[in-house]
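Visitor: Below are the chains, spelled out letter by letter.
There are 4 protein chains.
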Amino acid sequence: MSDLETESLREKCGVFGIFGHPDAAAITALGLHALQHRGQEAAGIVAFDGRQFNSERRHGLVGDHFSNERVIKRLAGSASIGHVRYATTGETVLRNVQPLFAELEGGGFAVAHNGNFTNGLTLRRQLVRDGAICQSTSDTEVILHLVARSRKLRFVERFVESLRQIEGAYALVALTNKKLVGARDPLGIRPLVLGELNGRYILASETCALDIIGARFVRDIENGEVVIISESGIESLKPFAPQPARPCIFEYIYFARPDSVVNGRSVYDVRKRMGAELAAESPAEADVVVPVPDSGVPAALGYSQASGVPFELGIIRNHYVGRTFIQPSQAIREIGVRMKHSANRGVIEGKRVVLIDDSVVRGTTSVKIVQMMRDAGAKEVHFRIACPPITHPDYYGIDTPERDKLLAAQMDLEGMRAYMGADSLAFLSVDGIYRSMGLARRDPVRPQFTDHCFTGDYPTRLTDVLAESSPRQWAMLAEAS
Amino acid sequence: MSDLETESLREKCGVFGIFGHPDAAAITALGLHALQHRGQEAAGIVAFDGRQFNSERRHGLVGDHFSNERVIKRLAGSASIGHVRYATTGETVLRNVQPLFAELEGGGFAVAHNGNFTNGLTLRRQLVRDGAICQSTSDTEVILHLVARSRKLRFVERFVESLRQIEGAYALVALTNKKLVGARDPLGIRPLVLGELNGRYILASETCALDIIGARFVRDIENGEVVIISESGIESLKPFAPQPARPCIFEYIYFARPDSVVNGRSVYDVRKRMGAELAAESPAEADVVVPVPDSGVPAALGYSQASGVPFELGIIRNHYVGRTFIQPSQAIREIGVRMKHSANRGVIEGKRVVLIDDSVVRGTTSVKIVQMMRDAGAKEVHFRIACPPITHPDYYGIDTPERDKLLAAQMDLEGMRAYMGADSLAFLSVDGIYRSMGLARRDPVRPQFTDHCFTGDYPTRLTDVLAESSPRQWAMLAEAS
Amino acid sequence: MSDLETESLREKCGVFGIFGHPDAAAITALGLHALQHRGQEAAGIVAFDGRQFNSERRHGLVGDHFSNERVIKRLAGSASIGHVRYATTGETVLRNVQPLFAELEGGGFAVAHNGNFTNGLTLRRQLVRDGAICQSTSDTEVILHLVARSRKLRFVERFVESLRQIEGAYALVALTNKKLVGARDPLGIRPLVLGELNGRYILASETCALDIIGARFVRDIENGEVVIISESGIESLKPFAPQPARPCIFEYIYFARPDSVVNGRSVYDVRKRMGAELAAESPAEADVVVPVPDSGVPAALGYSQASGVPFELGIIRNHYVGRTFIQPSQAIREIGVRMKHSANRGVIEGKRVVLIDDSVVRGTTSVKIVQMMRDAGAKEVHFRIACPPITHPDYYGIDTPERDKLLAAQMDLEGMRAYMGADSLAFLSVDGIYRSMGLARRDPVRPQFTDHCFTGDYPTRLTDVLAESSPRQWAMLAEAS
Amino acid sequence: MSDLETESLREKCGVFGIFGHPDAAAITALGLHALQHRGQEAAGIVAFDGRQFNSERRHGLVGDHFSNERVIKRLAGSASIGHVRYATTGETVLRNVQPLFAELEGGGFAVAHNGNFTNGLTLRRQLVRDGAICQSTSDTEVILHLVARSRKLRFVERFVESLRQIEGAYALVALTNKKLVGARDPLGIRPLVLGELNGRYILASETCALDIIGARFVRDIENGEVVIISESGIESLKPFAPQPARPCIFEYIYFARPDSVVNGRSVYDVRKRMGAELAAESPAEADVVVPVPDSGVPAALGYSQASGVPFELGIIRNHYVGRTFIQPSQAIREIGVRMKHSANRGVIEGKRVVLIDDSVVRGTTSVKIVQMMRDAGAKEVHFRIACPPITHPDYYGIDTPERDKLLAAQMDLEGMRAYMGADSLAFLSVDGIYRSMGLARRDPVRPQFTDHCFTGDYPTRLTDVLAESSPRQWAMLAEAS
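Chains as they are written, first to last, in this note's numbering: chain A, 1 to 481; chain B, 1 to 481; chain C, 1 to 481; chain D, 1 to 481.
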C-alpha cells in the first residue's frame with residue numbers, strides 16, 4: 001500500500017501519558033507529535049493540576065494547536081494524558097475527540113484509547129437501556145460509563161471491573177486525580193510501552209515518542225497488564241487469566257514508525273527483512289529496485305541488498321500534498337497519483353523495474369503506479385508486495401474497507417497481476433512474514449501474531465458483528481445523536 | 001439600567017418550537033432572531049426529519065449562522081426547537097449551548113430551557129452519585145438525565161415525572177420523534193406563548209417571535225401547564241397542584257421586547273404607564289424629559305405625556321458598539337460611556353433635565369450619564385427610575401450581580417442621589433409598578449408577580465442556595481469537566 | 001428613507017486626523033468609531049512614528065480591529081490619520097481601503113478622502129497614459145499620483161498643485177513626515193471640522209468625533225481652505241478663487257449624526273424643524289405620529305410637537321439584524337421588512353397614523369412599511385417625508401442609484417401615493433427645507449446648499465459623466481486590475 | 001544542508017504559464033503545486049478571459065487555496081501565469097505576492113519572476129524620483145513600471161526595452177491580453193523550460209511541472225532569450241549580445257526536484273554523481289552510509305554505490321513538522337532537531353557512520369545531527385558534504401545569510417570538523433562538482449556555471465551592493481510603506 005491509499009488502511013490512534021513532571025502537557029504534546037503518523041485528524045490533552053482537570057481537544061495536527069504557548073499554559077499540571085486520532089469535521093464530532101473526561105462520584109476521570117472494542121455497541125445499547133446518556137459515538141465513552149456506574153470504591157477497581165466487560169483490542173491510558181493508569185488488552189494486540197524520564201514514568205504507543213523527549217525505554221506493557229503510576233511509584237496488575245501475547249502484525253508492516261522498537265523488534269529491521277524474504281521467495285531479473293515511497297523504502301532496501309539489484313528512487317514524492325485539486329476537464333490524462341508521486345524518468349526509462357510496496361488494499365493505486373512506470377519508459381515492471389494478500393477486514397482499530405473492497409478477496413494472483421498491468425506480481429508468504437519476525441513459521445494452533453487480515457483467524461469474539469443489527473446501522477444512529 | 005449595564009442584568013434565554021411545518025428550521029431561525037434580545041451569545045436548533053435528529057449549535061448571533069442556507073438544509077425536518085442564550089467562549093462551553101439532545105432508550109430527546117432550577121445542583125449531585133456522566137454545566141442537562149432514568153413508558157410521562165423533581169423557574173420546549181412539548185413552571189415565572197401558523201402550532205418565549213413569521217397568537221401557556229403537540233393536535237396537562245400565577249415582573253421592566261404582549265399586557269403600554277406613574281409620584285420642575293436609550297424611551301414618553309414636559313433625544317446612541325477600545329493613556333478624560341452614548345448638547349445645554357432610566361443595578365453607569373448631562377451644560381439633572389430599587393439578587397434565570405454589588409442594597413435614596421451626582425433622584429414605588437400593571441396594589445399575601453428583586457419575597461424554595469456547598473464552587477468543578 | 005434602504009443611499013466615507021499626541025492612533029480609532037455611521041465596511045489608520053509610516057487597513061467595523069491593543073501598538077507615532085468607508089469583500093479591494101500611502105521622493109505621503117472627484121476617471125486615464133500604475137480603483141489614488149509627479153519642492157505645494165487639477169467634492173486629510181494637512185473643496189460640499197485637545201489639533205468629518213474624545217470644537221474648515229498643522233502650529237491657505245460655500249444638504253437630512261453640529265447648525269435641531277415645517281405644510285387629521293426608526297425619529301418629534309398629535313414608537317427596530325435569512329418557502333407572507341422592524345400593534349390598531357420618514361429613494365421599503373401599518377390595524381396611514389422628492393443622482397460621494405431607480409424620478413405624487421398604498425402622501429418642499437435651515441428660501445441664483453438631488457442643479461462640472469466612455473465601464477476595467 | 005536549515009538557504013520562486021487552454025488556471029495550479037518546493041509561503045495566479053484579467057494571490061500553499069473550485073472558477077480564461085514564493089505574513093506584504101498586475105496604457109500586463117535584479121533598488125530609486133508609486137517591495141514591480149513608462153508601441157518592445165535596463169538573474173513569465181511571454185537572463189542563471197500539451201505551449205521553472213500535467217518537454221529557454229507565445233504560435237527574440245550560458249549550480253545541489261531535468265541534465269543523476277565523486281575524493285572506513293533526509297538521499301546513494309558501504313535510513317524524518325513547539329523547561333535536553341528528525345538507533349548503534357548532507361550553510365544543524373548520531377551509539381561519524389564550502393552570499397534569488405553567518409567563511413576545514421564534533425569532515429571539491437556535471441573541470445576563464453557561493457566569482461555587476469546606501473536600509477524603508 002502506498003501513501004496514496006491512506007484512505008483505505010488507517011491506524012485509528014496513538015496515546016501518551018506522563019506522571020509527575022512539571023511540564024507534563026508540553027511533554028505530552030511532543031510525544032503526540034512523534035505519534036502523529038498514528039492519527040492526523042484530531043488531537044487532545046487532559047492535564048490535572050492538583051485541583052482540577054484541564055482539557056483541550058482540537059481537529060488538526062498536534063503542531064497546529066498544541067505548539068502554542070497559550071494552549072499549553074491552559075493545560076497546567078504535572079500529570080497528563082494525550083491522544084491523536086482520525087475523525088471527521090464539524091461540531092458533532094469534536095465530542096469524539098479524546099481524551100474523554102467526566103466528573104464522576106469520587107473525582108474526575110479521563111481516558112484515551114487506541115484500539116476497538118468488538119462488543120462496544122452491545123455494551124452501549126445496554127447502557128442506554130439503563131438510562132445512560134452517550135455524548136460521543138466512540139467506544140471509549142463506554143469505559144467512562146462503566147467506570148461511572150461501577151459500585152467499587154477505588155478508581156482502579158472500577159476501571160478493572162470495566163475492562164472485564166470489554167472484548168477486543170485496546171491500549172488505554174487513564175488519568176485520575178491521583179494516578180496515571182495504563183492497560184493493554186489480554187492479547188496485547190495494540191502496542192503500549194513504558195518509559196522513564198528523570199525518574200518520572202511515561203506511557204506511549206511507540207518508542208519513538210520516548211526518543212523525541214530523550215526518555216529511556218523501560219519495557220513493553222505486557223498483554224493483559226494494568227499498570228498504576230502514582231506518587232508511590234509503579235504497580236502492576238494482571239486481572240485476566242494468563243495467555244500468550246498475540247500482537248498485531250500490521251504495526252510492523254505499515255503503522256509503526258521505522259525507528260520504533262515494537263515488542264522488542266526494530267520496525268525498520270523487520271521491514272528490511274520482509275524485503276529480503278521477498279527477494280528470496282520471489283526474485284526477479286531486473287535492473288533496478290524502486291520503492292513506492294515512503295512506506296516501501298525499507299523493504300525495497302532489504303530486497304536490493306538481498307538480491308544485489310541496485311536500489312533507486314524511481315518515484316519522487318511531493319511533500320506538499322494534502323488536498324485534491326480541481327482536475328482540468330480537457331485534454332489531460334487523469335492526474336490523480338501524480339499529485340503526490342512522480343516518476344524519476346532517468347532511473348526508469350528502458351529498465352526492468354522491481355517495484356516494492358508494503359501492502360495492497362484496494363489496489364486502485366497499484367494500477368496507477370504501474371502505469372506511471374510504463375509511462376516513464378519501464379521495459380518491465382515486476383511488482384513485489386512485502387506482505388501477504390489482505391483478504392479479511394480488521395475489527396481491532398484499523399480502518400479497513402469491507403471485504404468486497406479488498407482486492408485480494410476478489411481476485412486470485414493472476415487476476416490481480418492482470419488488473420495492475422504488471423509483468424509479474426508476488427506477495428510475501430505468511431510464513432515469510434513470520435520468518436521476517438525471526439520465527440521459524442506461523443504456529444497454526446497458537447499463532448504468535450494477530451494476522452487475521454491475511455488468514456481470517458480472528459483472535460477474539462466479534463460480538464457486535466454477530467449481533468442482530470449490524471454495527472454500521474448502529475454507528476449511524478449514534479452519529480445522529 | 002441603561003444598555004451600558006447589560007453586563008449586570010441579563011435574561012438568560014429564549015425558546016422557540018414548531019411542529020408540522022416543512023420549513024421548521026427556517027421558521028425557528030426567524031423566531032429566534034426575533035428573540036435575540038433574550039440572549040446574544042449562542043444559539044442552537046434541533047430538528048427531527050422523521051428518521052433522525054439534526055442539531056446545530058453555535059456561538060454568536062442567530063443571523064451569524066442560521067441565516068445560512070447550508071446550515072438550514074442540514075436541519076431538515078418538519079418539527080424543530082431552538083434556543084438563544086448567553087455563554088462564554090471556547091470548546092468546553094459549546095457543550096452548554098442548547099437545545100441539548102440525547103439518544104435515549106425509546107428514541108431521541110431534545111430540550112431547550114429558559115429559567116433556572118433552584119435545586120439544579122442538588123439534583124446534579126445525586127445523578128453523578130448514581131453514575132450519570134454530565135457533559136454540560138447547564139441545569140438543562142439535569143432534565144435529560146431525569147428523563148433518561150425514568151422507568152415510565154412514554155416520553156411525556158417520563159418528562160412529567162422529571163418536572164415533579166424540579167424546583168424553580170422554567171419555560172421548556174422539548175422534542176421527541178413524535179411530539180413537541182412545552183412546559184411552564186407552577187408559578188409561570190418565565191413566559192411561554194402558544195401561536196399558530198396555518199394550522200401548525202408554535203411555542204415561543206414572546207409574541208414578537210410570532211409576529212415576525214406572521215403567526216397568530218393563540219394564548220399564553222398557563223402556569224404549571226404542559227402542552228403536547230403532535231399529529232393528533234394539542235393536548236394540555238396540569239400535573240401540579242393548582243395555584244395562582246406569579247409571573248416575573250422584570251419581563252415588563254426590561255427584558256421583553258416593547259412590541260410583545262406578555263401575559264395579556266402590552267409591554268410598551270406598561271412601560272409608558274410606569275413613566276406616567278413615576279411622573280405622578282415624583283414630578284420635577286424641568287424643561288426636557290430625556291430617556292437613557294434605548295430601554296428608557298417608553299417610560300420617558302409616558303413621563304413626558306403625563307407631565308407635559310417635552311420629550312427630547314438628549315442622548316444619542318452609537319449603534320456600532322461592541323468591543324472595548326484601548327483607552328489613550330494621556331490627557332483624555334475617561335471615555336467609557338461615550339463609546340456607546342453621547343450627549344446631544346443642543347437639547348441639554350442650559351436646561352433642567354428629567355433623565356429617565358428603566359432601572360438601576362450597580363449604578364456605575366448612572367454616575368457617568370449624569371456627569372455627561374452636566375458636561376453638556378444641563379442646569380439641573382433630575383433622575384427618575386421607572387422601577388423600585390433593586391435590593392435582592394434573582395435565582396430564576398436573570399443574571400444579577402450578588403447583593404453587595406447592588407447599589408440599592410448598599411445605600412439609601414439620598415446616598416444614591418449623592419453618589420450619582422443628581423439634583424434629585426426618585427424610583428417608582430412597588431405599588432406604582434403594580435398600578436402600571438392595572439392593579440390597585442401589590443397583594444402582600446399572594447403577590448400577583450414575582451418581584452423579589454424589589455421585595456426579597458422569593459416565590460420558591462432556594463434549595464441549592466441553602467445547601468452546604470455553595471453553587472459557585474459547584475459550578476467551578478463542573479466547568480472544569 | 002428608512003434604515004432598511006441603506007443599500008440605496010450611503011455616505012461613502014468619514015475622515016479623522018490628529019497631530020502631536022502620543023496616543024495618536026488610539027485617539028484616531030475612537031474618532032473613527034464615532035464616525036462609523038459614515039462607513040461600516042472598512043477602516044484604516046496610518047501613523048508616523050518619526051521614522052516610518054505604519055499602516056493598518058481592514059474590512060469590518062473600527063471596533064472589530066482597531067480596539068485591539070496589538071493593532072494600536074503597531075500604529076506607533078504621534079501623528080495619525082484614519083478613514084472609514086464602504087467597500088466590498090476580497091483581496092482585490094483591500095487595496096482600496098484608505099488611507100492610501102506611498103513612499104515618494106522626499107518621504108512618505110498618506111491621504112484619506114471623503115467625497116468624489118467628478119473628473120477622477122479622466123485624470124486617471126491621463127496618468128495611466130503617462131506611465132502611472134494604479135493599484136486601487138479609488139479616486140483617492142489619483143491624488144497620490146498627482147503629488148508624486150509634481151515637480152514642486154515642498155509637499156504642501158505639490159498637494160495644492162494636485163488639488164487645482166481636481167473637480168468635485170472632497171474633505172481630505174493627509175499626513176507627511178512633518179505635517180498633517182486638511183482640505184475642503186472650493187464649495188465645501190463635504191464637511192470637515194477643526195478641533196483641539198489639550199493644544200493638539202484634530203481634523204474630523206463631524207463634531208461627534210470630537211465629543212467622544214472630549215476635544216473642543218474650534219471651527220469648520222472653510223470651503224476651499226487648506227490647513228497645515230505642524231510642530232509650529234496651524235497655517236491656513238486659500239489656493240482657490242473665493243466663492244460662497246455650498247455644503248451638501250443631505251448631511252442634515254440623513255448622513256450626519258443627530259448630535260453633530262454641521263456648518264454651525266445642530267443636525268438634531270434641523271431635523272426637528274424639518275418635521276415641524278412638514279407639519280405646517282402638510283398637516284393630517286391623525287391620532288399618532290409614528291417615526292420610521294431610527295432616522296425618522298427627530299422629524300417625527302418635530303411633527304408631533306408642531307401638530308400636537310402624540311408621538312409614539314409604533315415601529316420597533318430589531319437591533320440584531322445584519323444578514324438576510326433564508327425565507328421559508330411555504331405558507332408565510334414575505335418577511336423582508338419584519339427582520340428589522342416590527343409593528344407595535346397596541347399603538348397602531350384602530351388609529352389614524354402619520355408615518356414620518358426622512359427620505360424616499362427607491363420606495364420599495366415604503367410600500368412594506370405602509371403595509372405593516374395596515375396589517376397592524378391602522379385605520380388610516382398618512383405618509384409624510386421630511387425632504388423633497390429625490391429626482392437626481394449624486395456624484396459627490398453619496399452612493400445613489402441611477403435615475404431610473406429613483407421613485408420620484410419615475411412617478412408623480414399621486415403615483416407614488418398609490419404605489420405605496422398610503423391614504424395620503426406629502427414631501428417637504430424645497431423651500432421648506434431651506435426654512436428648516438433658518439433661511440427664508442432657496443436662492444435660485446446662488447443656492448446656499450448643494451441640493452441637486454432635489455433640483456438637478458449640480459454645483460460643478462461633471463467631466464467624467466460627459467466623457468465618451470461611461471464611468472461604469474472604466475470602473476469595471478479598473479476593478480479587474 | 002539538511003531540511004532543518006531551510007531557513008538559511010531558500011530558492012525564492014517558481015513560475016508557470018500556459019496559453020490557449022480552456023482550463024488554463026487549473027493547469028497552472030497543478031504546475032505550481034509541482035513547483036511548490038521552490039516557494040511555500042505564497043502563491044498567485046492571473047488569468048485573462050478575453051475581456052479582463054482575473055487575479056488571486058494568497059499566503060500559504062498552492063493546495064490550500066488553488067485546489068478550490070470557486071477560486072479556479074474566478075480565474076476564468078485560456079491564458080494564465082502563476083507564481084510560488086516566500087513571503088512573510090500580514091496585509092502589507094500580500095502586495096508582494098506575485099504575479100503582479102497593472103492596467104497600463106494599451107491594456108493589462110501581468111508578470112511573475114524568479115530571480116533577483118542586482119540593480120533593482122537603484123532602478124526603483126530612479127523611478128520614485130520620477131514620480132512612480134511603488135506598492136510592493138519586490139523588484140518585480142520595477143519591471144511593471146519600466147514597461148508602463150516605455151514609449152514603445154507594442155508590449156513586447158516595451159518589455160524588451162525594460163529588460164535591457166535590468167541586471168542580474170531572472171526567469172520571467174508575463175501575460176498581456178494577447179500574448180504569453182517568457183524571458184531568461186543573458187546568462188541563463190535561473191531555469192525556464194518550454195513545454196507543450198496538445199499543441200498548447202507552457203513555460204515553467206522545471207520539467208517536473210510538465211510531468212504532473214502530462215505535458216511534453218520541448219526545450220530549455222536559452223540564456224538571453226525572449227519567447228512570445230500567441231494565437232499565431234511561438235516566436236523567439238535574442239535581444240542581448242550573445243554569450244555563453246552560465247546557469248546556477250545550486251539548482252543541481254539543492255533546489256530543483258530530483259526528477260527534474262535542468263539544462264539537459266537529470267538532477268537525480270547529478271546528485272548521485274556528486275555522491276560518487278565525494279566517495280572517490282574522500283573515502284571513509286565505515287559500516288553504513290546515512291543520508292541527512294530528504295535532500296541528502298541521492299548523494300548518499302551515489303556514495304554508497306561507489307564505495308560499496310551499505311546505504312541505510314539511519315535518520316527518520318517526521319513528515320508532520322511545521323511549527324515550533326513549546327520546549328519543556330525542565331530536565332529535557334534540547335529537543336530542536338528531534339522535532340523533525342530522529343535517529344534510527346538499530347542502524348547506528350556501534351557503527352562507523354558516513355553521514356551525507358548536500359551542503360552546509362550556517363552549520364548549526366550539522367552540530368545537532370552529528371550529536372544525534374553519537375547519542376544513538378555511533379562509533380565514528382564521518383561527515384561528507386556533497387558540495388564545496390559555501391563562502392559567499394548569493395544575490396540572484398537565493399536567500400543566503402550574510403557572509404559572517406556562513407560557517408565556511410568563518411572557519412577552516414579542521415575548525416568546522418571540531419565545531420561539528422565529527423571524526424572526519426570533507427567537502428566535495430569545486431572540480432569534483434564540475435565532474436559531476438560531466439565536465440573535465442571548471443574553466444576559470446569562462447566558468448560553465450554560476451558558482452560564486454563557492455568561488456566568490458559573481459557573474460554580473462552588483463550595482464545595488466556597490467551603491468552608497470545598503471540594500472538592507474532601502475528594503476526597510478520600502479517595507480515601511
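In case anyone wonders, no lab produced these hints; they're calculated from the structure. Some clues are possibly wrong.
Because identical chains cannot be distinguished in the list, a pair is counted as satisfied if it fits within a single copy or across any two copies.
Unchecked claim - Capping the alpha-carbon separation at 30 Å, the derived lysine-lysine pairs in BS3-like fashion look like this:
| no. | residue 1 | residue 2 |
| --- | --- | --- |
| 1 | K73 | K178 |
| 2 | K405 | K340 |
| 3 | K238 | K178 |
| 4 | K379 | K152 |
| 5 | K73 | K368 |
| 6 | K368 | K152 |
| 7 | K340 | K73 |
| 8 | K152 | K73 |
| 9 | K178 | K340 |
| 10 | K238 | K379 |
| 11 | K73 | K379 |
| 12 | K405 | K238 |
Visitor: None of the hints should be skipped; say for each whether it holds.
Guide: Status of the hints after comparison with the structure:
1. Only within a single protomer do K73 and K178 lie at most 30 Å apart by alpha-carbon distance; the minimum there is 21 Å, versus 45 Å between protomers.
2. When the C-alpha separation of K405 and K340 is checked against a cutoff of 30 Å, the pair qualifies only within one copy, where the shortest distance is 23 Å, while the shortest distance between copies is 35 Å.
3. In the homo-oligomer, the alpha carbons of K238 and K178 lie at most 30 Å apart inside one protomer (20 Å), although the nearest pairing across protomers, at 49 Å, exceeds that limit.
4. With identical chains, the CA atoms of K379 and K152 are never at most 30 Å apart, being 69 Å at best within one copy and 55 Å at best between copies.
5. Taking the shortest alpha-carbon separations for K73 and K368, only the inter-copy value of 28 Å comes in at or below 30 Å, while the best intra-copy value is 47 Å.
6. In the homo-oligomer, the alpha carbons of K368 and K152 never lie at most 30 Å apart, since the shortest distance is 57 Å inside one protomer and 52 Å across protomers.
7. Taking identical chains as interchangeable, the C-alpha atoms of K340 and K73 lie at most 30 Å apart only when they sit on different chains, with a minimum of 23 Å there against 37 Å within one chain.
8. In this homomeric assembly, K152 and K73 never come within 30 Å of each other (Cα to Cα): the closest approach is 35 Å inside a single copy and 47 Å across copies.
9. Proximity of K178 and K340 under a CA criterion of 30 Å is satisfied in neither setting, with 47 Å inside one chain copy and 34 Å between copies.
10. In the homo-oligomer, the alpha carbons of K238 and K379 never lie at most 30 Å apart, since the shortest distance is 58 Å inside one protomer and 41 Å across protomers.
11. In the homo-oligomer, the alpha carbons of K73 and K379 never lie at most 30 Å apart, since the shortest distance is 59 Å inside one protomer and 41 Å across protomers.
12. Within a single copy, K405 and K238 get their C-alpha atoms no closer than 39 Å, and across copies no closer than 57 Å, so neither meets the 30 Å cut-off.
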